[in-house]
Amino acid sequence: MEPRQSEDSTKNKVGIVTDPDMTLHRCEEGDHPERPERLTAIVDHLKQTKLLDSCTFINKLEECSDEHIQTLHPPEYVKYVKDLCEHYNTEEEVVYPDTFYNKFTDMCARKALQGAKILADKVMAGELQSGYGILRPPGHHAAAKGSFISGFCIYSTIALTAKYVKEKYKLKKILIFDWDVHHGDSTQKFLYEDAEILFISLHRFDEGRFYPGASGAIENVGEKDGEGFNLNLPWDSIFMIDPVGDSEYIYVFERIAYPIIKAFNPELIFVSAGFDSGRGDPLGGLDLTQDGYAYMLRKLQLVQPRIIMGLEGGYNLETISRASEACVRVLLGEQLPLSCADRKLNLEELRETATPNITANVLVEKALKTFGKYWPEILDSKDLLEYEKFIAENLRYNALYRPTGPKLFRLVGDRYLRAYEELEEAFFNMVSKIDETSPNELQNMKKWIVKYYGKEVLDGRKYLTFEKYLPDSLKDSQVVMIQVYPPEKANSLNASITSQSEFDSNGELEAVSLKEIKASYADLATLTDLAILTKMEGLEYDPFDWRQFYENHKSSEESLKEHAKIVGCVRTAELVLEKYSNIKSVTILVITTATSVLDVKVTSGELFIPSAIDPSKQCK
Numbered sequence: 001m002e003p004r005q006s007e008d009s010t011k012n013k014v015g016i017v018t019d020p021d022m023t024l025h026r027c028e029e030g031d032h033p034e035r036p037e038r039l040t041a042i043v044d045h046l047k048q049t050k051l052l053d054s055c056t057f058i059n060k061l062e063e064c065s066d067e068h069i070q071t072l073h074p075p076e077y078v079k080y081v082k083d084l085c086e087h088y089n090t091e092e093e094v095v096y097p098d099t100f101y102n103k104f105t106d107m108c109a110r111k112a113l114q115g116a117k118i119l120a121d122k123v124m125a126g127e128l129q130s131g132y133g134i135l136r137p138p139g140h141h142a143a144a145k146g147s148f149i150s151g152f153c154i155y156s157t158i159a160l161t162a163k164y165v166k167e168k169y170k171l172k173k174i175l176i177f178d179w180d181v182h183h184g185d186s187t188q189k190f191l192y193e194d195a196e197i198l199f200i201s202l203h204r205f206d207e208g209r210f211y212p213g214a215s216g217a218i219e220n221v222g223e224k225d226g227e228g229f230n231l232n233l234p235w236d237s238i239f240m241i242d243p244v245g246d247s248e249y250i251y252v253f254e255r256i257a258y259p260i261i262k263a264f265n266p267e268l269i270f271v272s273a274g275f276d277s278g279r280g281d282p283l284g285g286l287d288l289t290q291d292g293y294a295y296m297l298r299k300l301q302l303v304q305p306r307i308i309m310g311l312e313g314g315y316n317l318e319t320i321s322r323a324s325e326a327c328v329r330v331l332l333g334e335q336l337p338l339s340c341a342d343r344k345l346n347l348e349e350l351r352e353t354a355t356p357n358i359t360a361n362v363l364v365e366k367a368l369k370t371f372g373k374y375w376p377e378i379l380d381s382k383d384l385l386e387y388e389k390f391i392a393e394n395l396r397y398n399a400l401y402r403p404t405g406p407k408l409f410r411l412v413g414d415r416y417l418r419a420y421e422e423l424e425e426a427f428f429n430m431v432s433k434i435d436e437t438s439p440n441e442l443q444n445m446k447k448w449i450v451k452y453y454g455k456e457v458l459d460g461r462k463y464l465t466f467e468k469y470l471p472d473s474l475k476d477s478q479v480v481m482i483q484v485y486p487p488e489k490a491n492s493l494n495a496s497i498t499s500q501s502e503f504d505s506n507g508e509l510e511a512v513s514l515k516e517i518k519a520s521y522a523d524l525a526t527l528t529d530l531a532i533l534t535k536m537e538g539l540e541y542d543p544f545d546w547r548q549f550y551e552n553h554k555s556s557e558e559s560l561k562e563h564a565k566i567v568g569c570v571r572t573a574e575l576v577l578e579k580y581s582n583i584k585s586v587t588i589l590v591i592t593t594a595t596s597v598l599d600v601k602v603t604s605g606e607l608f609i610p611s612a613i614d615p616s617k618q619c620k
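Here the sequence shown is numbered in my numbering, starting from 1 and rising by one per residue.
One thing to keep in mind: the hints can contain errors.
[Unchecked claim] Okay, derived cross-link-like pairs now, BS3-like style, lysine-lysine, Cα gap no bigger than 30 Å in a straight line: (1) Lys224 to Lys373; (2) Lys11 to Lys50; (3) Lys299 to Lys189; (4) Lys446 to Lys468; (5) Lys11 to Lys168; (6) Lys369 to Lys389.
[Stated by the list, open to error] What follows is a list of derived Cβ distance ranges for each label pair: (7) Lys366 to Gln443: 48 to 56 Å; (8) Lys172 to Glu62: 23 to 31 Å; (9) Lys60 to Glu318: 25 to 33 Å; (10) Glu76 to Glu352: 51 to 59 Å; (11) Ser432 to Leu458: 16 to 24 Å; (12) Ala217 to Asn89: 34 to 42 Å; (13) Lys170 to Thr56: 23 to 31 Å; (14) Gln443 to Leu379: 53 to 61 Å; (15) Lys11 to Glu62: 27 to 35 Å; (16) Glu37 to Ser147: 29 to 37 Å; (17) Gly454 to Ser147: 55 to 63 Å.
Honestly, the hints are just simulated from the structure, not real lab data. Predicted model, so just to flag it, every value in this text is computed and none were measured. All C-beta atoms, glycine included, are put in the ideal place defined by N, C-alpha and C.
Working from the sequences, and respecting the hints, build out all of it.
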């Protein structure tokens, strides 16, 4: 390894590398998300925030050589890309098969590689402590699926640069941390047998249905010497009751990724910085904010300050610009909370306020089983086990109070906020028009409906606001959701309650839809989360037994009254659904203890037609 200057001499010295020529790589026909404006938006934002003035800024790059590219890519692939661009014809199809190209594409990709190489050399020489390559086209899907360009990528920039650094500087421990929403299948493909480069990827997976597919499975842990050094942490949307955002990333990072990274103790860190996992990205569908990116980067910095970031995906210009700003501030040594933070919380506060949803909890459970044999640190650490318990308690007792990012369900003061739905807003607009002149069945239903306060915008997200209809603690309560549909749909959906005695052999109401989401300590937004939590803790999960409840108290006059509450509310909803064809469904929430019914409320409804409706004129 070449000698380096002391850490103090380069502390917080950050390089920014780009080249305006890389904007020449563009889709000539139609729109494409990987557009030149991604580069210019980030650079312009860093200029506006004066951050470039604090960095070593390089904005003119040469093209890297064939020899450098062939550190990773075979000569025939390099020739294929070159020929593709040299013979480019504007009259021919430019997408191949999902990746556009033009006559400048090879040149731009070579400049991107050269930019990453320059940062690596300057960091290793001690001229910089860290750097950010604002480079395009991206690279972590390049040639992963065969001998053609794919995934918006041309050359595998980060993997190739890591390989180059490893060989030139004789490094034995390099980390590539990929937070792009898509799995870095190219990085994995080329480094799958390498034990000296640890690859960790947090990505959306959806059980293999999200691009690029099965490569991102948690079971893909590397082969031969590299077994245990390829770690995939995939989000499965089948469990996405709430969006995956800061809380989920922080928890999985802290519980799984961070202790492994500390144990590995890298000499150099690369970050495949794809910001399509960020809030508002048109392709990602996740909810990570600049706070989440800053958190992970700062924790990586505590392990190894030599960090090289390379832009991958990210297609919302505001998201990638704000996230880039946050990351550069971290590299420059600004402590959390950053001046550009979404929430003004420091590192420890972000960790302690994380209330991850089921997606994160299930992922951690899988990761412990899969990675534990390679990294025992995640199994036997007392601190990590205490942290896991702490998170579980947060989820159990504070499920209603998720303070971290916009969720489907939030508590603000004495109001509940639910994510905005147009059909639901139309339902409550209809309800607000019900008065003493409306038909009796509508007046009767209104008595059961939670108070609605209208629409509200919070943290840039639209919500519908309601009275606080749940108790402060659900610790000793059960919550059951009953979805009531019109009679013509009820038979097929098995969702309409027609008799107090309709119980199945297990003591559950046959007529309740979504039977699987009945659990203790739960509300409408967190039922499934908590059902899984009880399973994770090794507790027996028993849905509320309605039949037993009434068998135990059938002789009680009070219990009959309470039973009548539930039946009365359901029958009122059924009657309305029979008569008003514009109402799609009604949701009833029953809050009960083991001995009594605390409350019965209509908490939600949907109309077929999302508009203000005069309920008195909507009969069949």
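Verification of the supplied hints:
Distance restraint check for lysine 224 and lysine 373: the Cα-Cα separation of roughly 15 Å lies within the 30 Å cut-off, and the hinted pair is therefore satisfied. For the suggested pair lysine 11 and lysine 50, the alpha carbons sit about 19 Å apart, so the restraint of at most 30 Å is met. For the proposed pair lysine 299 and lysine 189, the alpha carbon gap of about 27 Å is at most 30 Å, so the pair holds. Only pairs whose Cα atoms come within 30 Å are accepted, and lysine 446 paired with lysine 468 is accepted, the gap being roughly 17 Å.
The straight-line distance between the Cα atoms of lysine 11 and lysine 168 is roughly 23 Å, inside the 30 Å bound, and the hint therefore holds. This hinted pair checks out: lysine 369 and lysine 389 have alpha carbons roughly 17 Å apart, not beyond 30 Å. Hint check: lysine 366 to glutamine 443, Cβ distance near 51 Å, so the stated range 48 to 56 Å holds. Against the hinted window of 23 to 31 Å, the Cβ-Cβ separation of lysine 172 and glutamate 62 comes to about 30 Å, which satisfies the hint.
Between lysine 60 and glutamate 318 the beta carbons are some 27 Å apart, a value that agrees with the proposed interval 25 to 33 Å. Checked against the hint of 51 to 59 Å, the pair glutamate 76 and glutamate 352 passes, with Cβ atoms roughly 53 Å apart. Our hint of 16 to 24 Å for serine 432 and leucine 458 holds, since their Cβ atoms are close to 21 Å apart. Taking 34 to 42 Å as the suggested C-beta distance range, the pair alanine 217 and asparagine 89 conforms, at roughly 39 Å.
Judged by the Cβ atoms, the range 23 to 31 Å given for lysine 170 and threonine 56 holds: they are separated by roughly 26 Å. Hint check: glutamine 443 to leucine 379, Cβ distance near 60 Å, so the stated range 53 to 61 Å holds. With their beta carbons about 29 Å apart, lysine 11 and glutamate 62 fall inside the hinted range of 27 to 35 Å. Distance hint check for glutamate 37 and serine 147: the Cβ-Cβ separation is about 30 Å, which falls inside the suggested range of 29 to 37 Å.
Under the hint 55 to 63 Å, the C-beta atoms of glycine 454 and serine 147, about 57 Å apart, fit the expected range.
The structure shown violates none of the earlier numbered hints.
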